[in-house]
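Based on the sequences and whatever the hints tell you, model everything.
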Amino acid sequence: TDVIRIGVLKFGTVNWELDTLKRHGLDARYGLDVEMVPFAGEDATNVALRAGAVDMIVSDWLDVSRARTAGDDLVFVPYSSSVGAVMVPDRSGIRTLADLAGRKIGVVGGPLDKSWLLIQGLARREAGIDLASANDIVYGAPPLLAEKALQGELDAVLTYWHYAARLEAEGFRRLVSAEDAMRALGASGQVSALGYVFSEAWAGGHSRAVANFVRASRDAKALLDHSDAEWDRLHADGVIRDEGRALAVLRQRYREGIPDRAAADDEADAGRLFAVLAELGGERLVGPSPVMAPGTYWSGLTDDH
Amino acid sequence: MLDVAIRAKSFRSADGTVIEAVGDLRLSVPTGRFTCLVGPSGCGKTTILRLILGLDRHFDGEIAISETGAVAAVFQEPRLLPWRTVEENIRLALPGASAGEDLSGLFQTLGLAGLETFYPGELSLGLARRAALARAFALRPSLLLLDEPFVSLDEALAARLRGLLAEVWSARPTTVLMVTHNLREAVELADEIVLLTPRPARVSGVYPVTVPRSRRDAATVTALLADLTAAHPGTA
Amino acid sequence: MLDVAIRAKSFRSADGTVIEAVGDLRLSVPTGRFTCLVGPSGCGKTTILRLILGLDRHFDGEIAISETGAVAAVFQEPRLLPWRTVEENIRLALPGASAGEDLSGLFQTLGLAGLETFYPGELSLGLARRAALARAFALRPSLLLLDEPFVSLDEALAARLRGLLAEVWSARPTTVLMVTHNLREAVELADEIVLLTPRPARVSGVYPVTVPRSRRDAATVTALLADLTAAHPGTA
Amino acid sequence: MHGLGGLGLRAQAWSAATFLGSLAALVFIWWAAAGLAGSRAFPPPQDVLAFIVTEAASGELAFHLGMTLMRVGAAFVLAMTIGSALGIALGRHRGADRFFGPWVILFLNIPALVTIVLAYIWFGLTEAAAIGAVALNKIPNVVVTLREGARALDPAYTEMATVFRFSPFRRLRHVILPQLQPYIAASMRSGIALIWKIVLVVELLGRSNGVGFQIHLHFQYFEVAAILGYTLSFVAVMLAVELLLLQPYERAARRWRPGHA
Amino acid sequence: MHGLGGLGLRAQAWSAATFLGSLAALVFIWWAAAGLAGSRAFPPPQDVLAFIVTEAASGELAFHLGMTLMRVGAAFVLAMTIGSALGIALGRHRGADRFFGPWVILFLNIPALVTIVLAYIWFGLTEAAAIGAVALNKIPNVVVTLREGARALDPAYTEMATVFRFSPFRRLRHVILPQLQPYIAASMRSGIALIWKIVLVVELLGRSNGVGFQIHLHFQYFEVAAILGYTLSFVAVMLAVELLLLQPYERAARRWRPGHA
Ligand SMILES: Nc1ncnc2c1ncn2[C@@H]1O[C@H](COP(=O)(O)OP(=O)(O)OP(=O)(O)O)[C@@H](O)[C@H]1O
Ligand SMILES: Nc1ncnc2c1ncn2[C@@H]1O[C@H](COP(=O)(O)OP(=O)(O)OP(=O)(O)O)[C@@H](O)[C@H]1O
Ligand SMILES: [Mg+2]
Ligand SMILES: [Mg+2]
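Chains as they are written, first to last, in the working numbering: chain A, 1 to 305; chain B, 1 to 236; chain C, 1 to 236; chain D, 1 to 261; chain E, 1 to 261.
Hints may contain errors.
[Stated by the list, open to error] Pairwise CB distance ranges (calculated): (1) G38(D) with G110(A): 40 to 50 Å; (2) W31(E) with G114(B): 50 to 60 Å; (3) G114(B) with V206(C): 22 to 32 Å; (4) W30(D) with E170(A): 21 to 31 Å; (5) D3(B) with P168(D): 54 to 64 Å; (6) G54(C) with D3(B): 45 to 55 Å.
What the hints contain is simulated information worked out from the structure, not anything from laboratory work.
Yeah, the Cβ is synthetic: ideal placement off N, Cα and C, and Gly gets one too.
What follows is the structure, encoded as structure tokens:
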């Protein structure tokens, strides 16, 4: 059997899928042994991949493209299209993007966050406002901003999808999601936001294992897509800490984010969005190349759909 | 008037031993008088001065000081601030009012002229002692405590400084209590010599020097010394 | 044999002033002899000892020491390690070989018995000086340098310690160089007295004491002293 | 001679009472403040205690705390040894200090993130890399503190040691180290604290266990009670070290100071 | 009396030469090591320099560095003032020290993350909260160092000051502070470094500018050259502070020590 070590956040969303995969022996079915290496932060998985302590992590195509341009040999396989969203309290008077003008907005990930740039692009196009300059923007860590939004210090918060889902369970609603922005800015369908990332050279030597892993991953997603019981099990086993309404919302959003089309279509849309991002964020976001680095999507993935 | 009534003073050392430094000791120095304290090494003299200065309040007894002016002390070791120059050390001890005073005469007499900007670490021990004396004299105290002020000085210089001390003492009414091992020095300067026993210090005898200071020439001092040792044998 | 040939030694103080501490000075102490160095306060005596001890190598001249055994010094201030007890201070100065030696006799003579476990901060200055003397004596040095070792001690004790020094000196061949301001002490102990000028120190005169030590009673010492001051007027 | 804990029974009882009183006052203030705040972000002591109890019962607490303590301990020993040696050397040799001074400033100011990431990249995600990176972060701090101490050494004692021909070891042990004691104490206390803080980062960036790992997991769910629970467990260990090791050692080391008792 | 920079011209030239030599040696070692490693994770000096030049030209560098320096400066002044006052007080009053000692250990060991998050939660995502949190992190370190210093004060000088009736101010300025100088120097140097490291965390967690913010941005893309560029820019400022402020001040403060020159 081939062993694949995957760096995950201990309570991260990737873990849900991998735990299902392991629990149901999906890796063994494909002659694989998937080993989860838990970390406490995204940065840690990033370091682990580069230090060779794991074979695979989950990250996004923008990073991969940028790294490739800089000379790293990373590649990407779509994993999920769940993206962040701008959340406002239910009772908030903010109904449209235009209402955001002059508000205090929390933004996770910093001024160059992909979702943030796309939503800014959308706001400029639809409402003619420059969100970054027309508002009091606070960048910060997701848990902190979520807490601040709950406290009412922020009028709106752009956060990652799972934080958004939890806020939703706490009486927030989605004002606009990054997915809306992607479509408005030229994507033809659901574009993956995150994917499995690994070294191209390593994948070259383990192409069968990677392909099998992608299959196993897809099976696990299918299970999560259809079985509510599996979600209850994940909660019971402590893999998902959320419960009740939060769990339900997370489940729903997760399912919405399961990629459902050919990687080639995804890649084409990602390429289009990359160009948009290059325009919005400039070199500081996308790096020296204004187009997505060729080969960002792993070419070894053949039997897709 | 300085009135000392110590019933007992003891120290507890780090290893737990209790050392009785001063026994039952009564001592009084009338205002404007000069008293010398003489006793064997380690008998408790410095301890007595520290109690008078209020540096140690853990003792059994009372000490009353009726002098209201400044108090100055010359410690057994110079205790100059090493990070301040000689002149700064002396001026820092002066109250704000007399801070700008001209000290050059004093420096001259003490052989410190030219060394005003030296740091204490750059002085010889004798020079440092002189700086400590200058600090005490410059203050014009009404109560002056001296702990062996003239050791580490050559005899000629010590004689000159004794002269200076007598001068300071007579220029203004100053109450002086001086510790010394040098009986000749005591006889030369004091109105009264208090002799102490070995530790714990008690008064073993009091010798008043009645000859006026102006008449204490070398021969008289030698005679007085002989008289003192006769009256209090074992005082060396 | 200790051979000192200093051409010049000067200090540069923090404020840039250059102080000439020692001038052209030649001095030699034959092996097993006892020499006293006498000079006014601040003339450069301690500096000379420091140069001999190799504590300061920035000077113009040469110093040759032919004694091969231990060197000991009694500094002008006790320089005991405050964080070690009296006994530890003394034992630390001994080489490994004699580390276990019985020191009780020495403590007894110096009046330190019972204070072995005291820290230096718990001693009177006189006691601390005695501990510093004990450290030097316990080592049985073949070259011994002393910088005013007997100040801050009462006269009776000082006399006893001078006796002890003479004893130590005669028990084993020891070359001694001692700084003192006390001419009487010098005459009592020395084979030769070297008189120094004020700063920068130069030899102003040498007075050999030829009377055998055993015959130097009080009267002889007084006579020798008179002879010395007559030969070298201005020596106080 | 007395043993290390040279305190009378009464003094010991008094000392214990003060300690307990101090902690009680702290817990009370915390409790009152948490009541006033009434926020999830500031849980009262009982919630934190409840967390500690649960976590301890599951064995998690002991495991993660143990891993962290192991890292803290190893990095501490490394950093203190190397840092002290370098600090004393620089403090004594002006030439070396002039030359290496800028290096010290550089290493002092390199963010933990940089050292840690580089160490992980070069040496792999290993325990040795983690501990080495932490030690490297702390060493310059020890160097600056001990360098000041070495500069402030009193030449009177050094000269005495030279005259009496102290061996290098005797000189270090009896002349130099006692003078450096306050500097060593200062850099030990703030040293453990700094190391522990860096260990947290190390665990965040590349370990799969330890208190830092746990704290950051709980941070994602904003479980302040859990974060405080882990923090206070470590603090409790440090208080024990303080009371059972540092303070008795310091009492012994300060015995000679007048009025030390 | 001489001015602060009481060094002769020749000595100054020599000092500058040593400084440049030291830096040159460092850069050379770096260059050689980077060449050997040949990895993107360890860029050679010229790459980092190129980044600094670009970033400086765009004005970004000055802006972010300025924000960070503002925070570091404010937190430094706060922490040193409060920490020194507390440290001296605890060092002088044994009773207070017994009581507050455990508090010091507690605050010393609270992770920066906790303080910062709590400060942001209570006081909002404001500049004041950020600076306050950083200062709070550093204060216990200053306290421990200065407490050791205050414990080691020589009673001989305090007694002298009592006898000659020094005013509290005169006593502080001429008797106490000069003795604490090495402790202050140590806690200033390691203090600035610690504060800067905490500011990085603060900027990561809830600020929109500053070097920490930038470093984390570049960290996401693993651009080590950029990370080192920002780090070294800060280090350069610290070297300037060291050479132009700290060292002349210390030279003046150490003038009295025998063989100080
Ligand atoms: N802090 C202390 N702890 C324990 N014992 C002490 C302390 N201070 C002084 N002593 C002891 O008290 C006694 C008297 O000391 P003191 O300094 O008063 O003597 P002294 O008469 O001044 O002697 P000297 O002439 O040598 O200066 C000595 O035996 C000394 O060891
Ligand atoms: N480090 C130094 N820097 C500048 N001047 C110094 C230094 N050390 C000593 N001196 C000066 O050198 C001269 C001689 O000092 P030294 O200590 O040798 O005198 P001494 O003869 O021992 O005097 P005393 O009898 O007072 O002890 C003094 O004027 C002193 O000020
Ligand atoms: Mg005394
Ligand atoms: Mg001298």
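Now the hints, each set against the structure:
1. Checked against the hint of 40 to 50 Å, the pair G38(D) and G110(A) fails, with Cβ atoms roughly 32 Å apart.
2. A hinted range of 50 to 60 Å holds for the C-beta pair W31(E) and G114(B), which are about 55 Å apart.
3. Taken as a hint, the range 22 to 32 Å holds for the pair G114(B) and V206(C), whose Cβ atoms sit roughly 30 Å apart.
4. For the pair W30(D) and E170(A), the supplied restraint of 21 to 31 Å holds, since their beta-carbon distance comes to about 27 Å.
5. Checked against the hint of 54 to 64 Å, the C-beta distance between D3(B) and P168(D) comes to roughly 56 Å, which is consistent with it.
6. The hint said 45 to 55 Å for the Cβ distance between G54(C) and D3(B), and at roughly 53 Å that hint holds.
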